[in-house]
Every structure is written in C-alpha cells, then in structure tokens.
Amino acid sequence: MPSALRSLVAPATSENKQKKRKRRRRIGESPRQISSRAAVDGEEQHVGEEEEGDEGAEEGFKLKAAASPTIQPLGNLLLADPSANIRDRGLGTLRALSDELLLDVLGLLRGRDLAVLSTVSKSLYVFSTHEPLWRSLVLDELEGRFSFAGSWRSTYASVVSPLLPDQTPPSSLAVSNFYSDYLFQSWLCANMEMKPEWVARDNIERGRGISVDEFVARFEEPNKPVLLEGCLDGWPALRKWTRAHLLRVCGDVEFSVGPAQMTLRRYFRYADAAKEERPLYLFDPRFAEKVPEMDSDYQVPVYFREDLFALLGRERPDYRWVIIGPAGSGSSFHVDPNSTSAWNAVVSGSKKWVMFPPEVVPPGVHPSPDGAEVACPVSIMEWFMNFYEQCKTWRKRPVECICRAGEVVFVPNGWWHLVINLEDSVAITQNYVSKRNLLNVLNFLGKPNASELVSGTKDRVNLYEKFRNAIDAAFPGLINRLELKAQEKTSEKKKQSFWESVTDANAGGFRFSF
Amino acid sequence: MASQDCEAAASSRAAAASSQDCEAAASSRAEKEEQKTVRVAASSRAKKKEQKTVRVAASSSRAEKEEQKEERRTVRVTSNDGEEFEMDEAVARGSVMLRHMMELGIALDGVTLPIVSGEILALAVSYLRFHRDYDDGGSGYGYGYSYGYHSESEDTALTNFDRDLVKQLDQATLLDLLAASNYMEIEGLLRLTCQTVAEKLKGKTTEEIRQTFCIQNDYPPEEEEEVREEISWALEEKSLD
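Protein chains in written order, with my numbering: chain A, 1 to 514; chain B, 1 to 241.
Please keep in mind that the hints were generated in silico from the structure rather than gathered at the bench.
A virtual CB, placed ideally from N, CA and C, is assigned to each residue, including glycine.
Incorrect hints may have been included.
Just the calculated beta-carbon pair ranges, DEER-fashion [unchecked claim]: (1) B:L235 - A:K447: 52 to 58 angstroms; (2) A:P259 - B:Q195: 37 to 43 angstroms; (3) B:N80 - A:D459: 50 to 56 angstroms; (4) B:D170 - A:L79: 37 to 43 angstroms; (5) B:S232 - A:S83: 41 to 47 angstroms; (6) A:D459 - B:S232: 49 to 55 angstroms.
Residues from chain A that face chain B, not an exhaustive set, calculated with beta carbons under 7 angstroms [unchecked claim]: (7) T93; (8) L101; (9) L103; (10) L108; (11) I210; (12) T429.
Restricting the straight-line Cα-Cα distance to at most 25 angstroms, the calculated cross-link-like pairs of lysine to aspartate or glutamate (DMTMM-like) are [unchecked claim]: (13) B:K204 - A:E205; (14) B:K202 - A:D104; (15) B:K200 - A:D213; (16) B:K202 - A:E205; (17) A:K396 - A:E205; (18) B:K204 - A:D113; (19) B:K167 - A:D104; (20) B:K200 - A:E205; (21) B:K202 - A:E143; (22) B:K200 - A:E100; (23) B:K202 - A:D140; (24) B:K204 - A:E197; (25) B:K204 - A:D140; (26) B:K167 - A:E205; (27) A:K447 - B:E119; (28) B:K200 - A:E131; (29) B:K204 - A:E141; (30) B:K202 - A:E131; (31) B:K200 - A:D104; (32) B:K202 - A:E100; (33) B:K204 - A:D104; (34) B:K167 - A:D113; (35) B:K202 - A:E359.
Start from the sequences, fold in the hints, and give me the full structure.
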C-alpha cells in the first residue's frame, strides 16, 4: 500500500550543528522505484526552492528523478507526535543499539537471514533493506559476476532465484513514520545531485599551447596546479571512445571496479541504474595490456613525458588508469601515492575538482600521525553538504575547477584532491616522477615505514633501492646535484608562499592571505 | 505469554536503565563525526608530541626498557555510577578513546565515562586486561594497536576467554557492552559482541526472532504477506552456489 508522504519543513535540530539547512521533501505517491537517472544538464527536480532568510540559507536539495523517500529525518518528529516513530517499537530490545551499530550487526548476516528479518517488523524492514548491506553481499559472494537488476537487493535475489521471462520482480513496500537521521542521510546522499553553487567556482589557472619549459617554470617547479587546454587534440580516443565503440571493442573484458572485476558491459548496466552515495567506480591500472587498442588511442601530453619511474621497467608501480564512472562517482580527498605528480585527462564527460596544497589538510579529513592512513569518513556528497559551505569563511580556499572533455588537470605532488564526475565520464590518468619531484619521491620511498605507505607495487621495501640504483645508472650524479640545489634554496631568503601569490582568476584583484 | 520466553524480561529493570544509557550513546552520524573531528583536531595540535612518543617507544633500547619498567603508569577510569578501575596505561591503550585521552594528557586525573555503568565497565576492563597480556606477551610494549588483529583462531586460550565472556551475559548486558565497546573504541570487543548478537539472528524464523528480541509485529496481515512474497527467494531451498 503506497502511502502519501507529507511535505514538511524540518527545522534545524541540535543534532544538525554542521548541517544548518532546512530539508524539504516532495509529496511522493509511489513506492521506491529505481529509474534511470537524468543527466545533470537535463531534468532538474527542484525540491522546495524558496529563499530563506536565516544564515547560510540554501534552497532545498535537488533530487534525482523519481526519488521518493520513505525514511524521514528525526527533525520531522518535532512536528509530529513523538510516539509516531515506528523505529523503536519494531526493534524490541535491539532498540538499545544506534542505527549505525545495528547496521554493523546486520552486516554480519548472510543474504537469507537478512531477508527473513524484513518480515519481522516494519522497522526491521527498513534496516534490512538498506542497500549498502546488499551491495556488500553481492560483491563478497559474486565479486563482479552479476547483472545489476536495479537495486543491490534485487540483484542478490535474482541470482538466488532467477526470474522467469514473464515474471516481474515484487515491488518494495513503502514504510511510513520511520524517522532516522543516519538512514535519511544515507538516502539523501544517494539521491541528491550536486548543487549549482558547489560547482560554480573556478579559480584554477589555465594554460593553452604553452611550452614545456613554461609549464615547468610556472607550474611544475613551484608545485602549482593548472588546467591545460588543447593538448589532447591529437588523441584518437576523443572521437573514438563512444560507449558503443567501447562495448564493441572490449565489452566483455573484465576491468577493475572497486574490489571486484567486472565486464564493461555489466559495469555500464550497473552505472546506468545505480543510485548510491558511493557508486562503484571503474578504475583499471592494466587497461593497456587488456586492450592494446586503447593504448594506441592516447598519448602522454608533451608536458609529462619525463617519467623517471619508467627506468624501472616492469617493476614500476601502477602508474596509469582508465577511469569510467557515472555522475556522482569519484574519489574523496586523498594525496597521490609515492609522492608522485599526476595528470588527469577527460576523454568524455566532466569532472569537478577541489584541491588543497600539501600543507593544508582539508576539513573533514584526518590523516594518522605517520601518514599511513587517511580517514575521510564522509562521502563526496556529504563532504560538499557538511564542509564545502564553510569554505566561504575560510581564508585558505581551495583551488577548484570543472575539467571538461579535451582538457587536462595537472595535480602537483602532495596536493590533496577530490574529484566527482558530473555526468557519465571517461578519463585517463597517469602518475609520474620528473626531476622536479625526484627528491620528494626518493624521500618518501626511503621512509622507515615504507612498507605501509608505498603503494602500487608488490615490492614495497626494495622499491627505494631499485629506483635509486636505476637513477644512478641512467643519470650519474643527478641525485647529488638535485640535493645541492635543494640545500641552496632553503638557505635563501624565505620565498613568497604559494598562498600569497595565487590569485582568483575570476575576481580580478582578490588575493589570498594568511 | 510471550514475555516469559523473552530473554530480556528477566532484566527489564536493567533494560530500562540501559535504554537510557544507550539513547545517550546513540548518536547521529554527523554528531559522531563531530566528536571525531574535535578529538582529532585536538590531537593534531599534539601531533608532534605523539609522534615523538611513538618513535621513542618503538626503539627498544635496554635503557628505555629499564626505565619503562620502573615507571609503570596507570590510569583510573570511573563508571557513571562511581565504580573505579585502575589499569596500566598499556592495558588502557586497547581502548582507542582512552589512548587518545592519555596522549593528549587529559587522563592524568582519571577519566569518568558518563554513559558506561560499573557492571559494563568491569566487563570491558577484564577484556582489555586479558587481551593485553596476550597480545604483547608481557613485554610491556602492548600499545593496543594489535587488539582485534590477533589471529584468534590460532589461540584457543584467547577464544575461550572471549567465548566465556559473552556466554554468561544476558541480552540487555550484551547490547550495553556492544554500545560501550563502540563508545570506548575497543575494536576486538566490538567485533566480538556484534558477532554474538548476529549469531542470535541467524537461522531463525520470523516468529523466533520476534520472541528472542521481544519485537511486536506491526504488520497488518496483507502487508506481511506482501513482504513474504518479496523475499520468497530466501525462503526457498536453493542455495547461492
């Protein structure tokens, strides 16, 4: 029985300290359905977009097409009878557990037991149909060998009990009067689209047709990011890599997707239907070996051709990836491995970038003291919701841009970066070591805890030795020369820091300052 | 009549008290993150000091070993109903929360846990003590990082302890201990208690689950039928393989 949902304004509760916003919901009448998602540039389903007078006032969230929530945030309870929340009633003694802990427990169950739970009570129905639980089950038990059936739960069910051709899958129950901040937040992040003001800012420096020397002097040497235009003009990939073409050439090749390997065909089927907070992302470091044609469809832009890790030959760490993903997929804040620099070229689609320099840890990110772990507990969407808005009050604001097809972003070594696809996107990215960041890389590889920190290779501890020997063999004396130069620099007068010199391209004379 | 079968009925008083505790313990995601943010933001100020501490501890020169043996620092942890527990710092480090507090230097006068009762804290402390003795073989260097990472299947004494610890607990206490191990960030204990609760959910029918956890069926008959239809695949005999 579908239930009519009330459209309510949720006042800011004390729990929402970081989320000073009002939530509005549309009246929905149908049970949860999965439908293909409209592109960002296409339909806009605005949810209650009135101006509000309070501080940090925002409009409601843009929801993806046909998203109809059945879970409501706790704030709504303030306008309803508190006993209206069916959560506790339906959990019995388990109500002692928080939503998160209960989900931790449910995460230990196999599919059958989890499914049975949904018959116990309406409250347990909501918990046991939580999609991330079923995603884990599918990926654990089937790895990449599944055909996405609209939701993770249906996907799991369809493998256990394949439907006959004329059968339709049973529809999901719509549950009302269930209030939970945790689950609502999860639903919201899965069904939200990027707000226009999150993607509006573009303050990165751009370069078109500059020489390699100019690139090195203006950007690589001082370790500054830049967006380069026009340097992919010769790439066959730009015109060849349509979806139809890729499916023809490598539709049944298995690529690395998160923890699993999936055929491209199956990945696209999933990507078209999935509505998730953290969509699976195709990120393959072996694409050139798997599909040699792809290797010849692109070439390294001229600025990045000095790549000293190449001296290691087959023993070099993973260094190049093809990246394919739907809108909403991406990487939350991280620093690239092994202290390398990187370039990221968009073949089709578009990506939003947010970058912080090495000395500025982004809000919401917590690296461990030895740098071995980076805890970024929030998803990309959550980061934008909870932390990006604060940017307005910061003095150290990040470098941002949208990178579109045919453009390349240079990510200097050590820089924090977050990337989110704004639409279906295909990109190529490579990490590299040039003479400019050679010392950094050696320093990184030579650290005592290299065995934890070094990535992309099976031989972490010896990588330092191998690399150093390879450099000495190919460029005798180079390391010493670079070290001398570095010592000279540090004994010079203190240079103007990056933050004092970067200007906002759009706002004329605006200057960052400490 | 159902209440006779219900395990929680025997300790309804404890359940009422614990539900208060656990409502306080239960927190929204943002609030939890904010707590983490505050803790970690504070710890980043003390970051250098912490790094130094770790480095000093990691190098095991004989002089330092001697020094450590003599100094044997302890920390006092108090429950919300006034029960005090004194333990070695090395033991306390099994709780990431206590570890951070000690590293920030705010545990010197003892720590009071406002949402953990004495009964529960006693269980947690006994877990910490036993695992610490185990994980570092008594060398005095148990920094707690290995809690829960220990390969328990290889160690019968360890698994026996864990099994006996949870076996004797009634349901309300088990759930309280689960919440407390999350609050105190004792990973191994959290895993253990979660597994124990999960075991109670496995291989049971709908009615059996309702009885075990005193859950009221709030489905009207037609809806319950709909849901059973929805998960009919789980009620079949076929297996996934």
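A quick look at each hint next to the structure:
In this structure the supplied range 52 to 58 angstroms holds for B:L235 paired with A:K447, their Cβ-Cβ distance being about 55 angstroms. Range check, A:P259 to B:Q195: Cβ separation about 22 angstroms, and the 37 to 43 angstroms hint is violated. A C-beta distance of roughly 52 angstroms is found between B:N80 and A:D459, which places it inside the suggested range of 50 to 56 angstroms. B:D170 and A:L79 have their C-beta atoms about 38 angstroms apart, which keeps the hinted 37 to 43 angstroms range intact.
With their beta carbons about 33 angstroms apart, B:S232 and A:S83 fall outside the hinted range of 41 to 47 angstroms. For the pair A:D459 and B:S232, the beta carbons lie near 51 angstroms from each other, so the given range of 49 to 55 angstroms is met. At its closest, the beta carbon of A:T93 sits 4 angstroms from a beta carbon of chain B; the interface hint therefore holds under the 7 angstroms criterion. Interface hint at A:L101: satisfied, since its Cβ lies 6 angstroms from the closest Cβ of chain B, which is below the 7 angstroms cut-off.
At about 10 angstroms, the closest approach between the beta carbon of A:L103 and any beta carbon in chain B exceeds 7 angstroms, and the interface hint on this residue is violated. With a cut of 7 angstroms, the hint placing A:L108 at the interface with chain B holds, because the nearest CB-to-CB distance is about 4 angstroms. A distance limit of 7 angstroms between C-beta atoms decides the matter here; for A:I210 the minimum to chain B is near 38 angstroms, and the interface restraint is violated. Restraint check, A:T429 versus chain B: the minimum CB separation of about 29 angstroms is more than 7 angstroms; hint violated.
Distance restraint check for B:K204 and A:E205: the Cα-Cα separation of roughly 61 angstroms exceeds the 25 angstroms cut-off, and the hinted pair is therefore not satisfied. At most 25 angstroms may separate the alpha-carbon atoms for a hinted pair to count; B:K202 and A:D104 meet this at roughly 15 angstroms. Pair hint B:K200 plus A:D213 does not hold up; C-alpha atoms about 67 angstroms apart against a cutoff of 25 angstroms. At most 25 angstroms may separate the alpha-carbon atoms for a hinted pair to count; B:K202 and A:E205 exceed this at roughly 57 angstroms.
With a CA separation close to 17 angstroms, the supplied pair A:K396 and A:E205 stays within the 25 angstroms bound. A hinted pair counts as satisfied when its Cα atoms are at most 25 angstroms apart, and B:K204 with A:D113 qualifies at roughly 8 angstroms. Restraint check for B:K167 and A:D104: satisfied, since their Cα atoms lie roughly 20 angstroms apart, inside the 25 angstroms limit. Among the hinted pairs, B:K200 with A:E205 is inconsistent with the structure: their alpha-carbon atoms are about 59 angstroms apart, more than 25 angstroms.
For a cut-off of 25 angstroms, the pair hint linking B:K202 to A:E143 stands: about 23 angstroms separates their Cα positions. Annotation: proposed proximity of B:K200 to A:E100 holds, straight-line Cα distance about 18 angstroms (limit 25 angstroms). Distance check on the hinted pair: B:K202 and A:D140 sit about 18 angstroms apart at the alpha-carbon level, within 25 angstroms; holds. In summary, the hint linking B:K204 to A:E197 is not supported, as the alpha carbons are separated by about 50 angstroms, beyond the 25 angstroms threshold.
Pair hint B:K204 plus A:D140 holds up; C-alpha atoms about 23 angstroms apart against a cutoff of 25 angstroms. Distance hint between B:K167 and A:E205 is unfulfilled; the C-alpha atoms sit about 63 angstroms from each other, more than 25 angstroms. A distance of roughly 45 angstroms separates the Cα atoms of A:K447 and B:E119; the hinted pair therefore is violated under the 25 angstroms criterion. Taking the CA atoms of B:K200 and A:E131, the gap is near 22 angstroms; set against the 25 angstroms cutoff, the hint holds.
In summary, the hint linking B:K204 to A:E141 is supported, as the alpha carbons are separated by about 21 angstroms, within the 25 angstroms threshold. Distance restraint check for B:K202 and A:E131: the Cα-Cα separation of roughly 20 angstroms lies within the 25 angstroms cut-off, and the hinted pair is therefore satisfied. Distance hint between B:K200 and A:D104 is fulfilled; the C-alpha atoms sit about 14 angstroms from each other, no more than 25 angstroms. Note on B:K202 and A:E100: the hinted pairing holds, with a Cα-Cα distance of about 19 angstroms set against a maximum of 25 angstroms.
Between B:K204 and A:D104, the direct Cα distance comes to roughly 19 angstroms. Compliance with the 25 angstroms bound is thereby established for this hinted pair. Under the criterion of a C-alpha separation no larger than 25 angstroms, the hint pairing B:K167 with A:D113 is consistent with the structure, at around 22 angstroms. Between B:K202 and A:E359, the direct Cα distance comes to roughly 49 angstroms. Violation of the 25 angstroms bound is thereby established for this hinted pair.
Hints 2, 5, 9, 11, 12, 13, 15, 16, 20, 24, 26, 27, 35 from the earlier list are contradicted by this structure; the remaining hints agree with it.
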